[in-house]
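Trainee: Quick mapping for you: the protein sequence lines, in order, are chains A and B. At the far end of the first sequence sits residue 480, using my numbering, and the numbering has no gaps. At the far end of the second sequence sits residue 546, using my numbering, and the numbering has no gaps.
Do not rely on the hints blindly, as some may be mistaken.
[To be verified] With beta-carbon atoms standing in for the labels, derived distance ranges:
#1 A:A470 <-> B:V374: 56 to 64 Å
#2 B:Q352 <-> A:R369: 47 to 55 Å
#3 A:D310 <-> B:S502: 40 to 48 Å
#4 A:R136 <-> B:P355: 44 to 52 Å
Calculated from the structure, these hints are not laboratory results. Quick reminder that beta carbons are idealized off the backbone N, C-alpha and C, glycines included.
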Amino acid sequence: MFRLEVRSSTPAWFNLALPLLAIGATLVLCSGLIALAGAGVMEAYGVMFSASLGDSYAITETLVRAAPMIFTGLAVAVAFRAKFWNIGAEGQLLAGAVASCAVGAIPMPGPLAILLMAIAGAAAGAAVALIPATLRVKFKVDDVVSSLLLNSVIYYALMALIEGPWKDSFSGYPISPPIEDSANFPVLIEGTRLHLGVVAALVAAPIIWFLIVRTTLGFRIRVTGENPEAARYGGINVQRVLLSTALLSGALAGLAGVGEVGGVHFQVMSDISPGYGYSGIVVAMLARLNPLGVVPAAIFLAAVMTGAEAMSRATGVPAFLSDVIQGTALLAMLVALLFTAYRIRRVGVAR
Amino acid sequence: MSAVFEQIFQVGFLAAIIRIATPLAFATLGEMFSERAGVLNLGIEGIMLLSAMTGFTATSLSGSLWIGVLVAVLTGMLMGALHALFTVALGLSQHVCGIGVTLFSSGLAYFLYRLIFGQQSVPPSIKGFETFSIPGLSSIPVLGPAVFNQFALVYMAILAIPLAAFVLYRTPWGLSVRMVGENPRAADSAGVSVIATRFQAVILGGALMGLAGAFLSMAQFNAFTFGVVSGRGWVAIALVVFGRWDPWRSAGAALLFAFVDALQLRMQASGLGHIPYEAFLMLPFIFTIVAMAVMSRNAVAPSALLKPFRREER
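One chain only, chain A, in its complex shape (with noise of 0.2 Å):
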């Protein structure tokens, strides 16, 4: 017999080895997939790998890719530090990408279109994460369930945008018309995709960081979530930090959807988010809520992304293998996380 017990603490070592565990025990077990779909399970990791850090191009794509989770990422590691399930990542994001798209159409000078496009884009995300906060707070709906549903009222009501008001009148494509050129985020490394919003990714995540450890919000977002019963003793309107982690919550989501419009698709699209708003549960879990380990979370599954299309032209694995590892990883690193909390003992079984 095995039992779980209660470790009295957690040696330091295990912050970093956890999701580097939980990391190999998924590539581990996504190998049967591969084997499979009858490709070698060492080539078709190589050609991810290759793909999404083999060279410098490659590594800028991949921070494209990461810089969404990243902010979705700290959305929800804020977020579920106050114990504010917010599983609504993904409709803040769409509505945070509409709204910087509606700004981004209006011609002014570049540096203020992107200024204006962020406030827009955060303040749609947070109004949007308001809802399921106010009806906890408010109504005692299930903060979890009304996330959730909001994410495909989002969905539609972007739909109808770009299928009716906002649809390409030249193509006749559900897309909204492109943004300014003048909007546009300014590229970085020439050649690349590598734009101005992954860098504002790279830098939310200190901030954040900051934020939760260093400042009184922070603070009382941690006790809100830890104790709430400990922070309303302690004199902490237990419902007023749950409405301003919601907005935080909400406006870094929306802004992941504001550096999709106007560094990656510079207009609005039904796909523009292939689930990054679930991912960064994935991110933040593999995080353990820590702003700082969002970063590299986002790189390591942006990676995993962008790797699995080429390894699917290499090998024919469907890339939705990707989709499977985002799914193991999490599973693996929640039962990894088991691991920081408690010990495994053998006990004998008495006879």
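Starting from the known structure of chain A, arrange chain B on it as the hints suggest.
Mentor: Same frame as chain A, now just chain B:
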């Protein structure tokens, strides 16, 4: 106004409601059993998708619809067991594990489907379930042809509702399920195995979610597409709250939702003015959120929901 009523009481409209309600009823009952035992299963969306895929694939390979249903149910049970392993045996966060199960099983569904069928311009289809009428009952005016000229899986869903109520309220196992969901420590003292009961409830829930998936790919659409579930699993979770964790009320909630959805479809088809059809697609989701806000005031969830049970701890 009278024209609207005429529309509503058409046989075709009633039949459409029943057909929309069927997968929701299976899924809602499945989620209800799980939550009654204290386990929120956010894996439902992915479990339905994977079951829809395996059921469809098994039918298309074997030629037998019932083998497909069986495979879908087994898939649901297996994924339920996986969720229970994480949340019940290991006591991990039910929210995050559920999302993990959904991501994992939808990824797996897409991956395996592409592996088996390749990339085709026209998705392969099967000859799905056909309707058959129940002699006698189907001759009741209006209600008869709408309710009793349906797929076999619809009849199963109709029977599943009283059966679920009977199992939950009238059998010793149902009592155990309710006990471990309300007060696991008391249940444990009374000699009920909390872990085993929760595992059984989540696995039974998975079986019902599997039936929901099977209905979608084998009776409603007769094909597996990536949008085959499209949020129905999430809706089922809301319907459980709306139905206050009771089989009859949950089934009623599924029926009410199906009514709104069918109405939405009708309004779309009638090309109501210049309202974009997406506004109607949003309607059921907004309805569900509003309904939850109204109902949540006096909805009382099983008190041990979301709380892992470890015997050694207090």
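Trainee: Taking the hints in turn, state whether each one holds.
Mentor: Here is how each hint holds up against the structure:
1. A:A470 <-> B:V374: 56 to 64 Å: holds, 59 Å
2. B:Q352 <-> A:R369: 47 to 55 Å: Given about 54 Å between the Cβ atoms, the range holds.
3. A:D310 <-> B:S502: 40 to 48 Å: holds, 43 Å
4. A:R136 <-> B:P355: 44 to 52 Å: Given range 44 to 52 Å: holds, Cβ gap about 50 Å.
Hint violations for this structure: none, all hints satisfied.
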